[in-house]
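The chain contents come next:
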Amino acid sequence: DVKVTQSSRYLVKRTGEKVFLECVQDMDHENMFWYRQDPGLGLRLIYFSYDVKMKEKGDIPEGYSVSREKKERFSLILESASTNQTSMYLCASSLPGGGVRTDTQYFGPGTRLTVL
Amino acid sequence: GEDVEQSLFLSVREGDSSVINCTYTDSSSTYLYWYKQEPGAGLQLLTYIFSNMDMKQDQRLTVLLNKKDKHLSLRIADTQTGDSAIYFCAESIDQGGKLIFGQGTELSVKP
Numbered sequence: 001d002v003k004v005t006q007s008s009r010y011l012v013k014r015t016g017e018k019v020f021l022e023c024v025q026d027m028d029h030e031n032m033f034w035y036r037q038d039p040g041l042g043l044r045l046i047y048f049s050y051d052v053k054m055k056e057k058g059d060i061p062e063g064y065s066v067s068r069e070k071k072e073r074f075s076l077i078l079e080s081a082s083t084n085q086t087s088m089y090l091c092a093s094s095l096p097g098g099g100v101r102t103d104t105q106y107f108g109p110g111t112r113l114t115v116l
Numbered sequence: 117g118e119d120v121e122q123s124l125f126l127s128v129r130e131g132d133s134s135v136i137n138c139t140y141t142d143s144s145s146t147y148l149y150w151y152k153q154e155p156g157a158g159l160q161l162l163t164y165i166f167s168n169m170d171m172k173q174d175q176r177l178t179v180l181l182n183k184k185d186k187h188l189s190l191r192i193a194d195t196q197t198g199d200s201a202i203y204f205c206a207e208s209i210d211q212g213g214k215l216i217f218g219q220g221t222e223l224s225v226k227p
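As they're listed, the protein sequences go chains A and B. Mapping the first sequence onto the numbering used here, position 87 (from 1) lands on 87, and the numbers just tick up by one. When you read off a place in the second sequence, starting at 1, and then add 116, the result is the number in the numbering used here.
Please keep in mind that the hints were generated in silico from the structure rather than gathered at the bench. Even for Gly, the Cβ is constructed at its ideal location relative to N, Cα and C. Check each hint, because a few of them may be wrong.
[Unchecked claim] Derived Cβ-Cβ restraints for the label pairs, each shown as a range: (1) Lys-57(A) - Met-171(B): 35 to 41 Å; (2) Pro-227(B) - Ser-8(A): 32 to 38 Å; (3) Glu-130(B) - Thr-114(A): 32 to 38 Å; (4) Lys-13(A) - Ser-143(B): 39 to 45 Å; (5) Asn-84(A) - Gly-131(B): 40 to 46 Å; (6) Met-54(A) - Gly-198(B): 37 to 43 Å; (7) Met-169(B) - Asp-51(A): 29 to 35 Å; (8) Lys-57(A) - Pro-155(B): 40 to 46 Å; (9) Met-27(A) - Met-171(B): 26 to 32 Å; (10) Val-12(A) - Asn-182(B): 26 to 32 Å; (11) Lys-53(A) - Gly-156(B): 29 to 35 Å; (12) Ser-167(B) - Glu-17(A): 40 to 46 Å.
The shape of chain B in the complex, shown without the other chains:
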């Protein structure tokens, strides 16, 4: 079945770059998403990438997609303490609206 895997924790220093990785299994995914969850809150959409793209950049965020390896990454440049949160990747598995989410990566940014 469909599966999305992420490592659970990442710790970086303020000002460094953070790279959060994700692997997925369904090669027919149309869109892949990154969501951010701050403590005690719901999930907010950060960015998404269409499956026929390799890269998408949005200010400090860079998404890289390797379809051959089914690998998605989110790079945050100049990481700030406000970036501390849980980051979820997700894939669309059909056009009916369901998303499959990874376990979430908790990013901790140390001053």
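Excised from the complex, chain A in its bound form:
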């Protein structure tokens, strides 16, 4: 069964703190993604990775960085958390699409981060 796990369901941090969100998948997927979800805005892509040590900026990378040292793990880092980063963060993974293979992404349960 497909499994994507995230390190915390709920997290409360203070402004200026460094925050690490961890995501692990057990499906040997090459692609991994970090999104944030805000009401009325849907999912917005922060960063994604096609392979170990590779990363690409998504639509809203400012204030975030990522790390992918192992294939199964993709970390999102908030270098200095701010209140406008209060949000739901979702991690996903997928196999590379192409031909008859879909780009189906499999999601973790999400981390609701509150920055005070």
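Since the structure of chain A is already known, use the hints to place chain B on it.
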């Protein structure tokens, strides 16, 4: 750029059919997806349709794709209270794995 649009809310009565609509802009999309998000949870894949198909049926779910109008819909027959959730449509824009998601439609099912 690529864009996917959905209305934000839909309310139906239990037992009725629900139709959730989505429009997209990228005509080169290969697959289009419907995901469901229950409260406090991540997104689960409901179904997908390949871009050369017009319709796909899966039990209570029917997906219709109008490529000319770039319009995708999800019909849920005999809607139940357990169908209350946020529904996202998404399109593949290239073969590199990125999906573009709509804003999500919150479906409320009243008994």
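Do the hints match the structure? See the list:
Between Lys-57(A) and Met-171(B) the Cβ separation comes to about 37 Å, which falls inside the hinted range of 35 to 41 Å. Separation of Pro-227(B) from Ser-8(A) is about 35 Å and conforms to the stated range, judged on CB atoms against 32 to 38 Å. With their beta carbons about 35 Å apart, Glu-130(B) and Thr-114(A) fall inside the hinted range of 32 to 38 Å. Roughly 43 Å separates the CB atoms of Lys-13(A) and Ser-143(B), a value that falls within the hinted 39 to 45 Å.
Taking 40 to 46 Å as the suggested C-beta distance range, the pair Asn-84(A) and Gly-131(B) conforms, at roughly 42 Å. Distance hint check for Met-54(A) and Gly-198(B): the Cβ-Cβ separation is about 40 Å, which falls inside the suggested range of 37 to 43 Å. With their beta carbons about 31 Å apart, Met-169(B) and Asp-51(A) fall inside the hinted range of 29 to 35 Å. Under the hint 40 to 46 Å, the C-beta atoms of Lys-57(A) and Pro-155(B), about 31 Å apart, miss the expected range.
Checking the proposed 26 to 32 Å range against Met-27(A) and Met-171(B) shows it holds: the Cβ atoms sit about 30 Å from each other. The given range of 26 to 32 Å is broken by Val-12(A) and Asn-182(B), whose C-beta atoms sit roughly 45 Å from each other. Lys-53(A) and Gly-156(B) have their C-beta atoms about 33 Å apart, which keeps the hinted 29 to 35 Å range intact. Checked against the hint of 40 to 46 Å, the C-beta distance between Ser-167(B) and Glu-17(A) comes to roughly 44 Å, which is consistent with it.
Consistency with the previously given hints fails for numbers 8 and 10, ordered from lowest to highest.
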